[in-house]
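Chemist: Heads up: the protein sequence lines correspond to chains R and C, in order.
The first sequence: position 225 = 225 (my numbering), numbered continuously.
One gets my numbering by counting positions in the second sequence from 1 and adding 1000 to each.
Heads up, some of the hints might be wrong.
Distance windows between CB atoms, simulated [what the hints assert, rightly or not]:
#1 R/ALA650 to C/SER1170: 41 to 51 Å
#2 R/GLU704 to C/GLY1174: 48 to 58 Å
#3 C/GLY1095 to R/PRO58: 50 to 60 Å
#4 R/GLU377 to C/LEU1056: 55 to 65 Å
Far from chain C by the CB rule (all over 12 Å, computed), these chain R residues [as the list claims (entries may be wrong)]:
#5 ARG187
#6 SER191
#7 GLY194
#8 ALA251
#9 ALA276
#10 TRP378
#11 GLN409
#12 GLY598
#13 SER614
#14 ASN636
#15 ARG651
#16 GLU704
It is worth saying that the hints were derived from the structure and are not from the lab.
The beta carbon of each residue, even a glycine, is placed where N, CA and C say it ideally should be.
Chain residues, written in single-letter form:
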Amino acid sequence: MARHRELGLTDREYELICDRMSREPNGVELAMFSLLWSEHCGYKHSRKLLSTLPTEGPRVVMGPGENAGAVDVGNGYSVAFKVESHNHPSAVEPFQGAATGVGGILRDVIALGARPIAMLDSLRFGPPEDERTRYLVDGVVRGIGHYGNSMGIPTVGGEIEFAAPYAQNPLVNAMCVGLAKTDEMVRAAASGPGNLVVLVGSLTGRDGIGGASVLASAELGEGDDAKRPTVQIGDPFEESKVLECCQELLAEGLLVSLQDLGAAGLTSSAGEMASAGRVGIEIDVGQVPLREAGMEPFEVMVSESQERMLAIVEPDQVDRVREVCEKWQTGFAVVGRVTDSGKFTVVADGEAVGEMVVEDLVDGCPAYDLEPAEPTEWPYSNHPTLDPETDPEEVLLALLASPTIASKQWAFEQYDSIVGSRTVVRPGPADAAVLSIPEAGTAIAVAIDGSGRRVACEPWSGTVGTVLECAANLASVGAEPLGVTNCLNFGNPEKPTIAWQLTRSVEGLGDACRALGVPVVGGNVSLYNETPSGPIYPTPVVGMVGEVPDPNRVASRPWEEGDQVALVGPFDPSLAGSELASLTGSLGPGLPDPDLEGSIAAIEVVREAVRSGSVRTAHDVSDGGIAVALAELAINAGLGCDVDLGSLIARTDCSPEDALFGECPGGFILAGEHPVLEQLGGKGVPVEMLGPVAGDELQVTAGERTVVLGLARLREAWESLPAAVEA
Amino acid sequence: MVWGVLQFPGSCDERDALNACRLAGGEARLIWHDDDDLGGVDAVVVPGGFSYGDYLRAGSIARFSPAMEAVARFAADGGPVIGICNGFQVLCESGLLPGALLPNDSTRFTCHQGELVVGEAESPWTSALEPGHVLSVPVKHQSGRFFAPPDVLEEIVSGGQVAFRYSPGSNPNGSLDDIAGIVNREGNVLGLMPHPEHAVDPLTGSEDGLAIFRGVIGAGVG
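With these hints in hand, go ahead and build the complete structure from the sequences.
Modeler: So this is what it looks like as structure tokens:
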């Protein structure tokens, strides 16, 4: 096969490169083009869609195009954040794949001059009955813990879901949140011809060569174990030194700009710096400190060795930069210089071995129009594990024990969630984590959400629901959204069904963010998540950062005897797309349209109620519906309730099953004093008073259906995940 | 009162320790691992983290640092030293405390709010606490299983060197005799796996850890 095809370029793309260069590229140039023109780096199937997202807002400090987005949190401070995928590396080698996923997103935030203060993860696996799934879960959770814990960055939240379409293609999305003084943040643009290019951190080795094009931009297939050498090995100790070193370099004002090395290594990092600064750049591969002798120039240029940063430094600062790197016992090398040629030049042994116009290399990749077509039939198979005729008590226990709904404490306890002394609300029963930022006299809430199952049923509604759920999670702790980051995990966009999912989903993302008035400040796209057994569920993962004015008022207390329980919001439940439909094998196309305006009104009412300090607990209704939400609150409090869903059934004309287990955006369970909750009804959103907190049983009446279950049985089902994944 | 908090490459909790010392009372500063002079501090904190990456064995490299040599001299002169988590591991590796910390019996990292029961040790660090008193303090580590050979363990227990135990039924790692923290024979050096520096503010979970830091001040140090 022609070399360019092996490297993932189409014939047309190769011709375009020849055309731009007025000659055929040599081996070094071809390797570099193939990476920067890959889906992973070039966003060739998503760029046009992404340009439709709302990106501006009064609090935005940095938007898409920088290493991460950032929003102003006041008093001269900004919060930087981004989510990124490491799906295919984790499918091949879960521990290192997940660990380096964490390491990579940390460097994106470090590159802005921010100190990482929190990590969150969104994970998807196949059903845990499968032995390989258990191996993947174990490796991914250990890998995330290994890297974050060793770096001293708390992992404060996240979510894990399990469904058959992810069995061969798990998703590992990691989100990093960092804090910086706004006026000390740096951008990634190289500038000042004559300035030096300095490589900080690890040695460069043969690990991860071609990872971006080979792994991230092609479907997984048989024999992927042979790709293991393209997965990188993480070294969190090195990264922690690099972090402290970069913080010190920036605090001393020694850097013109800073960029991390991720996919496509020096090629993308130096290329993007040159492109952003509209300058040329020259890299001498002979100056790059190597882990092994005899590496070819192209290998040095595309190596994805971890824990490296690239800095632009003025010549008279370079000695001081070297001293700081030596203090932190991390690598330092001047590997090139900024030029005014507009070209990316690779030098070896004093001779140019590659020379490309920066614009062609970095920005010349064609952007393709998708050819979407709505599928005529449900593209996923159903795997029933529950008889639809099961009585509601058994249904509730099955839902609580479903790995997607069951408590994730098993995973969260393997992560250091408190280092840094900021974690006010730890991962667990609350819907979002809360971090105090005493420097800025404020606090933030962070949450990450995705619902591939519902997006598969209807990409626009499902994605709107995902954004609403993330905002609802923030509202439950009194937070107002400041910015959104996202990771779009989809199958092969060259297939019409996937193109339709992607197009409709991005429309939903944009519509929901516009309705909420919250900008999308960054993100990442992971396409080609397919295996011979089919595509994954389309899984847009949304990360949100919100502002919490008073971290003492976050409604995270368990409900208490004497409290009333209320359902707040335009909740209109349906079993379509629900976790119960998944268990009974009745998933199919179509979701009811979400009430976008009504849901946002409810989010605002709940947020203000939480902020006023008058509500003891707030929890959004999500997977498994009201019955699961009530069970989670009861388990958390060690205290039951006696509620009747009759008023909900009367308002929405839904069935008892819908009322108990149906899902849709726009519902919150609140607990507190009766008059306080009743007053919320006067604010233009539906409020149903459901009944009192009492006793050691969960009692829910829905029409002719009743659920009466003791807390011990509920807890046993809800805490069954360790047994399922450790077996 | 001047506190010194050691900082190794790979330390994680050193800023949290500085914060705890300042809240307890006094001035606090970092001491770089390469520095063999503690600069006249009144008490030393060896903080948590993964010193030098801890790829070999937790604490096994940090013991050779110039700062730890200075800490050994400081401790020999009776200066109060607390090693938290990785710091406890470093103190055991250095021979300043008996025993060793092995990987948790689960083989997994664990992070949760734990309950500590104050032991019988006499030490400036526990001078503000009554034996049997229960503290709510976070536990987070991968290698926290306290081990000592039978004769050494017997000496620790009968010699009144147990400073903290995990509350009954909550031993998170398989530590012998539920031991969470011990002191040396003289009582001036304390090592414990749980994190009192992360229990200094009710907003983030508990302020029970402050009593340990304040104990040193109350004992008249500095």
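Chemist: Kindly indicate which numbered hints from before are broken by the structure, ordering the numbers from low to high.
Modeler: Violated: hint 11 alone.
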